[in-house]
Every structure is written in structure tokens, then in C-alpha cells.
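2 protein chains.
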Amino acid sequence: MFETLEVGKKIKNGEFKELQLALRQKLLETQFDLAGRDYPVIIVVAGLDGVGKGSLVYRLNEWMDPRGIETNTFWEHSDEEESRPFFWRFWRKLPARGNIGIFLGSWYTMPAQAMLNKDMDQEEFALYCKQIESFERMLSDDGAVVIKLWLHVSRKVLRKQLGEKMQVLREFPRAIDQPYDISGKYKKSLEISEQLILSTDSSRSPWHLIESADDNYRDITAGELVLAAMQAGARRASAPTEDFPDEQEESIGQQPTVLDSVDLSRSLPKDDYKQQLARYQDKLQELAWQAYQERRSVVAVFEGWDAAGKGSAIRRVTGAIDPRLYRLVQFAAPTDEEKAHHYLWRFWRQLERDGRLTLFDRSWYGRVLVERVENFATPDEWQRAYGEINQFEQQLTDHGSILLKFWIHISKDEQLQRFQAREVEPHKQHKITEDDWRNREKWHAYELSIDQMVSRTSTRHAPWTLISGNDKPYARIQILKTFCDTMSDALDTD
Amino acid sequence: MFETLEVGKKIKNGEFKELQLALRQKLLETQFDLAGRDYPVIIVVAGLDGVGKGSLVYRLNEWMDPRGIETNTFWEHSDEEESRPFFWRFWRKLPARGNIGIFLGSWYTMPAQAMLNKDMDQEEFALYCKQIESFERMLSDDGAVVIKLWLHVSRKVLRKQLGEKMQVLREFPRAIDQPYDISGKYKKSLEISEQLILSTDSSRSPWHLIESADDNYRDITAGELVLAAMQAGARRASAPTEDFPDEQEESIGQQPTVLDSVDLSRSLPKDDYKQQLARYQDKLQELAWQAYQERRSVVAVFEGWDAAGKGSAIRRVTGAIDPRLYRLVQFAAPTDEEKAHHYLWRFWRQLERDGRLTLFDRSWYGRVLVERVENFATPDEWQRAYGEINQFEQQLTDHGSILLKFWIHISKDEQLQRFQAREVEPHKQHKITEDDWRNREKWHAYELSIDQMVSRTSTRHAPWTLISGNDKPYARIQILKTFCDTMSDALDTD
Chain Y
1 MFETLEVGKK IKNGEFKELQ LALRQKLLET QFDLAGRDYP VIIVVAGLDG VGKGSLVYRL
61 NEWMDPRGIE TNTFWEHSDE EESRPFFWRF WRKLPARGNI GIFLGSWYTM PAQAMLNKDM
121 DQEEFALYCK QIESFERMLS DDGAVVIKLW LHVSRKVLRK QLGEKMQVLR EFPRAIDQPY
181 DISGKYKKSL EISEQLILST DSSRSPWHLI ESADDNYRDI TAGELVLAAM QAGARRASAP
241 TEDFPDEQEE SIGQQPTVLD SVDLSRSLPK DDYKQQLARY QDKLQELAWQ AYQERRSVVA
301 VFEGWDAAGK GSAIRRVTGA IDPRLYRLVQ FAAPTDEEKA HHYLWRFWRQ LERDGRLTLF
361 DRSWYGRVLV ERVENFATPD EWQRAYGEIN QFEQQLTDHG SILLKFWIHI SKDEQLQRFQ
421 AREVEPHKQH KITEDDWRNR EKWHAYELSI DQMVSRTSTR HAPWTLISGN DKPYARIQIL
481 KTFCDTMSDA LDTD
Chain V
1001 MFETLEVGKK IKNGEFKELQ LALRQKLLET QFDLAGRDYP VIIVVAGLDG VGKGSLVYRL
1061 NEWMDPRGIE TNTFWEHSDE EESRPFFWRF WRKLPARGNI GIFLGSWYTM PAQAMLNKDM
1121 DQEEFALYCK QIESFERMLS DDGAVVIKLW LHVSRKVLRK QLGEKMQVLR EFPRAIDQPY
1181 DISGKYKKSL EISEQLILST DSSRSPWHLI ESADDNYRDI TAGELVLAAM QAGARRASAP
1241 TEDFPDEQEE SIGQQPTVLD SVDLSRSLPK DDYKQQLARY QDKLQELAWQ AYQERRSVVA
1301 VFEGWDAAGK GSAIRRVTGA IDPRLYRLVQ FAAPTDEEKA HHYLWRFWRQ LERDGRLTLF
1361 DRSWYGRVLV ERVENFATPD EWQRAYGEIN QFEQQLTDHG SILLKFWIHI SKDEQLQRFQ
1421 AREVEPHKQH KITEDDWRNR EKWHAYELSI DQMVSRTSTR HAPWTLISGN DKPYARIQIL
1481 KTFCDTMSDA LDTD
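Chains as they are written, first to last, in the numbering used here: chain Y, 1 to 494; chain V, 1001 to 1494.
Warning: the hint list may mix true and false statements.
[As the list claims (entries may be wrong)] In the DSS-like style, the derived pairs of lysine-lysine whose C-alpha atoms are separated by at most 25 Å in a straight line are:
id: 1; chain 1: V; residue 1: K1428; chain 2: V; residue 2: K1270
id: 2; chain 1: Y; residue 1: K26; chain 2: V; residue 2: K1431
id: 3; chain 1: V; residue 1: K1185; chain 2: V; residue 2: K1118
id: 4; chain 1: V; residue 1: K1428; chain 2: Y; residue 2: K17
id: 5; chain 1: Y; residue 1: K274; chain 2: V; residue 2: K1012
id: 6; chain 1: Y; residue 1: K93; chain 2: V; residue 2: K1339
id: 7; chain 1: Y; residue 1: K185; chain 2: Y; residue 2: K118
id: 8; chain 1: V; residue 1: K1026; chain 2: V; residue 2: K1010
id: 9; chain 1: Y; residue 1: K12; chain 2: V; residue 2: K1472
id: 10; chain 1: V; residue 1: K1339; chain 2: Y; residue 2: K339
id: 11; chain 1: Y; residue 1: K165; chain 2: Y; residue 2: K12
id: 12; chain 1: V; residue 1: K1187; chain 2: V; residue 2: K1156
id: 13; chain 1: Y; residue 1: K17; chain 2: V; residue 2: K1009
id: 14; chain 1: Y; residue 1: K428; chain 2: Y; residue 2: K412
id: 15; chain 1: Y; residue 1: K165; chain 2: V; residue 2: K1283
id: 16; chain 1: Y; residue 1: K339; chain 2: V; residue 2: K1093
id: 17; chain 1: Y; residue 1: K412; chain 2: Y; residue 2: K442
id: 18; chain 1: Y; residue 1: K187; chain 2: Y; residue 2: K118
id: 19; chain 1: Y; residue 1: K165; chain 2: V; residue 2: K1274
id: 20; chain 1: Y; residue 1: K93; chain 2: V; residue 2: K1093
id: 21; chain 1: Y; residue 1: K17; chain 2: V; residue 2: K1472
id: 22; chain 1: V; residue 1: K1185; chain 2: V; residue 2: K1156
id: 23; chain 1: Y; residue 1: K283; chain 2: V; residue 2: K1165
id: 24; chain 1: Y; residue 1: K428; chain 2: V; residue 2: K1017
id: 25; chain 1: Y; residue 1: K9; chain 2: Y; residue 2: K165
id: 26; chain 1: V; residue 1: K1188; chain 2: V; residue 2: K1130
id: 27; chain 1: V; residue 1: K1428; chain 2: Y; residue 2: K431
id: 28; chain 1: V; residue 1: K1017; chain 2: Y; residue 2: K274
id: 29; chain 1: Y; residue 1: K431; chain 2: V; residue 2: K1026
id: 30; chain 1: Y; residue 1: K270; chain 2: V; residue 2: K1012
id: 31; chain 1: V; residue 1: K1026; chain 2: Y; residue 2: K428
id: 32; chain 1: V; residue 1: K1188; chain 2: Y; residue 2: K274
id: 33; chain 1: V; residue 1: K1017; chain 2: Y; residue 2: K270
id: 34; chain 1: Y; residue 1: K26; chain 2: V; residue 2: K1428
id: 35; chain 1: V; residue 1: K1270; chain 2: Y; residue 2: K12
id: 36; chain 1: Y; residue 1: K428; chain 2: Y; residue 2: K274
id: 37; chain 1: Y; residue 1: K472; chain 2: V; residue 2: K1017
id: 38; chain 1: V; residue 1: K1274; chain 2: Y; residue 2: K17
id: 39; chain 1: V; residue 1: K1431; chain 2: Y; residue 2: K17
No wet-lab data here; the hints were simulated from the structure.
Could you put together the complete structure from these sequences and hints?
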């Protein structure tokens, strides 16, 4: 694979200067065009240690306007990064729409190193490559231009370049630089590189391999690749897009939905409620501390009809837990920083560290519920959201998080009664708005969306729990009990 | 001080229920009113361990709408927090305008504990109290309603409450809870508390002391205090405000400014430039690694006239430093999340960790430059900014950061020539806009602002360096040399 990159491609200084002048201007033009666009550009610079990644990154920064470019490196990990799913560190550094993010060190660094050090077996490696693929697809589906550059030099050149570097290092020793020992590792490194490239090459985010023995050739080639990819991105963005027709909604029609399986007649007498509430809250308090001690995080999603009793159910959960251990996250309209990123970004940024609970009062499921029904998301967007959500949740559970997802179901009649009661009670009037009445008119469209949401995102690792909500006490105990049971199971197996 | 809080104030359950109903509704109303306002509410809940802070926080959350309240606790510190100035952890948790932030554990926790454990001497303590005062004044000047509640119970009651808690703890041991040993410490704790309260009590953010032996009394009293403070905040916000008249600008008139002291005739021959550039860049590279090893962070601010050569000077600095060690931050218009906080918030959030360099291409000085000249900030706002900036920079240097501040000065004629050149050169056209020409017309107003900025914010710890910029090579070398000299001095003394 790499043989074609050891042929000694070169650009002479005079020619370089000429090429550079033209290239630089086009890059700048393209960058200014990008600033007004609604997608980001992500440039990954990869390759073995010593091939000149840093020099290329410096050159790209020099050629383009530093406003709107950020270079991200991931070489020292903070405990805040390490106590969250692996990709959190990359999510939080993703460039906003209209901006360029250069990743010097990226999601490719860890698997390459881990394989070289034999900290990862072939199976994990394959799984990890799949995650990279999904991650990059998610970004490019969202419009991002993903440009991946792999730099390569022959063993001989690398040895020479490292030799020069070692010379510098001997003079100015640095804490972080491990001695560059490529003897016996070069061949293995190339094998792993090849595997990594082959399993993460895709039409939307292809790898570009660049011979890096000559700085001039490397920089011009990389610059031209970046330019071409950015120009193609602009053309794509300007072209009219066709949305998938939203056929599914029609075809489901008036069939029963998964919600019909919920027995809404269930209720709990007051005395039983009080007793069970105390019991499960005590239990939950203990379990929250146990989870803290075992450094397991809990992520709980609360969804439900308007007036289903989400808020009061959540308060029964938070009432049991030490405020030091949980964070409740509510979602208003996204901020402009949030709008400038993939829609999952605003949930990623809220994740608490290992050992804590993050409670989401409404969540990423908004994409396939309200955003779908109200046409805030295109059919293409919400349809691919199922897969994106499953990937996201898989990363949570793979990391060791305990995931709970509740849909609180009530009947349409029960909702009407609660709406009417809210309009009368003074301290509840704020809870009822025009929007609620409007949403109510779309009950059927929501039913279909909920049905599809549950069927598409109830996975083995992250099942939905449908809560019978007409009787609030019954609903609350169901939720507390599910919390306790799920956490007990997960923590016991540790 | 605390004797009046040991008299056994109580509210019976029946009365509590009645009071609660009315209070809760008013709190909700006030909270909804707040949502549309442009200031946040900050509630600090303090007191010795075991006095019932957690219960009160739970109650406040229960009474109000969880949307728009966030409870913050600071009991486990991440390495990301510890490698930045102490207040960074609080800045990043400050509520946005229209929201309520409850601080259970706050900037009062550390000094109280440190004094009790004798990790802090009286002098440090006094200094720290001053910092708290400035911090709270900064917030309240910005419109924030700061409500500080100190809960107290007598030794006897505390012992009883801790006893019950210990009982629970024996049953469910928790990793984080230290045994509550108040024997011999209660008196000392009260002494420290009293000192802390007295030195941080102010008219804008006064302390409220609450007897906490009876839950009902504590919760109602705290709720009413919160209500009253929020209502007063709303009244204050609705009242017409008078801005200070901007007299200073007039009085300075056509006097010479500090900029006149810059010798703009200095220049550097090309050969000298090349040689010195290489020398200082090499030196800076070394120093950056040394700073990394010594875990000292560097914060550098680049300000200057339009077309003064800031960008190219910055590139000579970044060109010398490993991209893993620095981050360049540029400032476009603030995002809406940034607008929803104190204007310093967006700079705090960008600070890199110990051992790294953060380079600011434009900075917090915008407040007293462009925001002042263009009337984006009121005279009251930019005038108090000098003190706020000095405080901020003091915290950076106290933490051990090395601070550099450059103003690149050029003559008005030189600027004109550069503007004209930019309009001709294709790859520089993007650098010149209508705004630049408009700003140029306000040259004199800027001169006065710069003069005042330098005189007000050139402190011993954080002096300005005025760079003679008509000759770009000379300017760049001046900057690199100042970097090297300042860092050498700071690092040598370690």
C-alpha cells in the first residue's frame, strides 16, 4: 500500500513559491466562502511519529486565515475526558459550522498506539474501526466536509528525520517525548496503519495518502486536496437536495401502536404509594452511592406526553439522590452555539462524569418526536437519527454507563382533564401554554412517531420502559422501581 | 454573632403548609418574571456540615420550576479545574441571564476548610476574602442578584443531627464522607465562619443568617429571603438607570498620550531580522517546553491598530511553538451563550491548562477599546472594567500564569498605506473592510481609550508592552524578545 509513496516526489523551491501563491489565494477564497456556510470542515492529519504532521499543520495555519481555524491535539488526557465515553473528547472539540477544525492527533491515534503496544486485540480493533466509521458518517451526513490525510515516508527517510529530531531532543529534553525507537516497530506500524486506513476509508470521508519526504511536495499536495474537498463541499451544499419522501407515516395508518400495549387502568392506593415511595427512594439513595463508588455513571431519559407527570416523577427521583451525585438537564430551544453543531453535540456536552447521574428532562429523542412532527427536521434528518441515537447510546453503555429511558404514557382524555385542571390552579397555570393545546391536536402523528421511536431504538443495551401514567403515584413507583432494578442488576454484576 | 440563631425558632406543620402554598406561588411568579430578564440569580447556601444545607437546596428545587435552576456542587475537583486559577471552576458554572444557580458548596467552602485545617494563614485568608468580595461585586455590578444564606444550629442540635446522619452512614458507608467529628472543632468553626461572614458582607451581596434547627422555619425563612431579593432585583432592573457621564474623554483633549512615547522610526535590516528571528524562535521553543515542564501557563494578549500586523506577529510566535502546547483564540462577535454571561466569562472559558500557552488575538480589552468607542458598553460598564480586568489578571498571575500584553502601535499614515496596499493585493483583500475605514475615522477616540487603558491596567504583575510597529520585522522581533525575556525571568525564579 505504501510503496507508491516512496518514489521521491519533489517540488523545487522556485516552483513551490509559485504554486503556493495561487493555492493560498484559492484556499483563502474557499475559506471565506465557508464562513457563510452551514457546515464545518474537519481535517485529520495522521501518520507515524516523525513524518512531518506538525509541519503540515503549521503550514495550513499559515496559508489560511487563523480566524475560523482551530488545531486540536490530544496528547495529554484530563480526568474529565477519561471519565466519559471515549469520543466525548472529540465531540467537544468539533468545529462549529463555517469553521475548520484540524485534528493533529485524532480518533486514529489511540487505536494505532494500542495495537502497536498490544493493548488491543483484533476484535476490539475491528469494533473501534466501526465506531470511527459511524462517527465520521454522522458528521458528513450532517454536512461536514471530512478530509483525512495520511502522511508517509520510507523507513530510511524516517530514520533520518527522527535522527535530526533526536539530536534536538538531546539538547532540549522534553518530558513527553518518548524516545523514537522505530527499530523493529516500523514494519508493524505500517501493517496497523494499512489496516486502519482500509477499514475506515469511505466515499464520504476517504483517506488521502501523501508522500512526505519532501516538505514542498507534501504541503502543496495536502493544500490542493484540502482545497478540492472544500470546493466539492461548497458545490454539494449549493446543489438542490432531494428529501426522502416520508412514506412511513402514511403506511402505518390507524394500526395499533406499541402504546396500546400499556395498561392505563393501573393505579396504586395512597398508603401503598407512601410506603413504596419511601422504600424505593431509600434503595435508590443507596444505589446512587454504590454507583458512585463503582464509578459507574447513570444516564436517564424522561420523555412523555405533555402533562404526563414527567416533572413530578423526576422530582421523586432527584428527591432520593444526594445533589452532589446528579445533574438534571432540561432542554429549551438550542443556543446558537448548539445550532452550530451536529444535533447530538448539545447532549454530549451535558454528560456527567463517571459515578454521577445525568437526568435528561426531554432529550435527543426530540429529533424523532417534536422535530419530526413539527417538520423542524427533514425526513432525511430524523430518519438517520435512529441510527445515530443507537450509536450514541451504544457508546454510553460500552463505556459502562447505565442507561434508562422512560416514556410516560397517558390517555388523551386524561391529558384533557389535566390541561383543564392546570388552567384553574394558580401555581400550575405556567405549565399550560398554547403550544400544549396545539401539540394535542397532533396526538395521532405523535403516536406514530413514538411507535416508530420505540421500535427503532429499543435495543438490548438500551431498552425503553413504557410507564402507565394515568395514575401518577403508580407511574412514579414504576419509574423508581425500574431505576432500582436496573441499577441493582448492573451494579451487582460488577 | 450566632447566639440569636439558637433561640429555637419554629413553624408548626399546619402553618407551614399554608405559608408554603402562598410562598411557592410567589416564587414561581418571580421565577417566570426572571426568565425574561437580563440578569441571573445566584444563591449561595453555606454553613457547617450537617446543618441542613442539602435539605434546603432540595426544597428550593421542589418549590421552583426546575427549568431554569441549576444546583452546583464542588466536592470533587477535576484536574482540569485544578490546573487553572481557582475561580475558573465557579465561572464555568455561573448561571446565564434569566436563570438561577444554586451553589451548595461555593467559593466559601475552601477557605473555611483550609482555615480549620490550618492550611491557610490569616494573611492568605484576608486576601482570599478580598477576592470573594471583588468576584461578587463584579457579578452584582453586572446585574446579578446574589443571595447568600448561612445556616446555623447550636452545638447541641448539630450533634444530634450528625448523630442521626452517622447512624445512616454506618449502615450505608460512603466513600466521600469523612467522619463528622465536631468535638473541639465546633468552636473553631464558628470563629472562622464569623470572620468569613464579616469580611464578605456587603450591601449588594449581604449575608442572611438563618436558624436551621427546625426545617419548616429554615425553609420558609430562606424562601422568603430568596423571594424578597428576587423581587428587589426585578424592581431595580425596571427602574431607569443613570449612567455616569463620560467626562474623562473631554478632559483629556489633545494632550500627548502614552502612544507618543513609542519611537516609530525604529526598524531592522532584513539580515538582522532573519538572524534574530531564528534565534528568538529557537529560544521560545525551548522556553515553551520548559514552561510545560514547570507547569506554568502563559497567557498572551495581542492588541493593536487595524493593520498593525497583529496576525503576522502572532504567526511568528506560533511558528516557534509546538502545536500541542498552545492555543490561539480569536474573537468574533459573542455567541448568545456568551452574551448571557458577564463579559469576562467568554475569556475565562478559553483559558488553557497549566503548562500551555493561550494566545488571545484581541481580548477582554475590547471592553475598554472598541466597546467603549462604539458605545457598545455604557460608560458605567467600561469604567468598572478596568478594575475587573485587573482582578482577573491578578488571579492569573497569582495562579502562576505568565502574562504578556502587547499593543502594536503604528502611525496613522502607515495605516493608510497598509489599507491601500491591502486593497490591491488579491490575497489580502479579505483583510480590509468598511469597518476598518470607519474605525480609522475614530483614531483620536481610540488614542484616548488606549492611553487610559494602558495607564489603568499596566500593573506590576501585568504590564503592557507597547510595540513600535511601523517596521514589521522590528515589531515581530520586539514581541518575540519580550516573550523570551519575560518567560526566562519567570521560569528562572522557579
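Run through the hints listed earlier and report the numbers of any the structure violates, in increasing order.
Per hint list: 9, 13, 27 and 32 violated.
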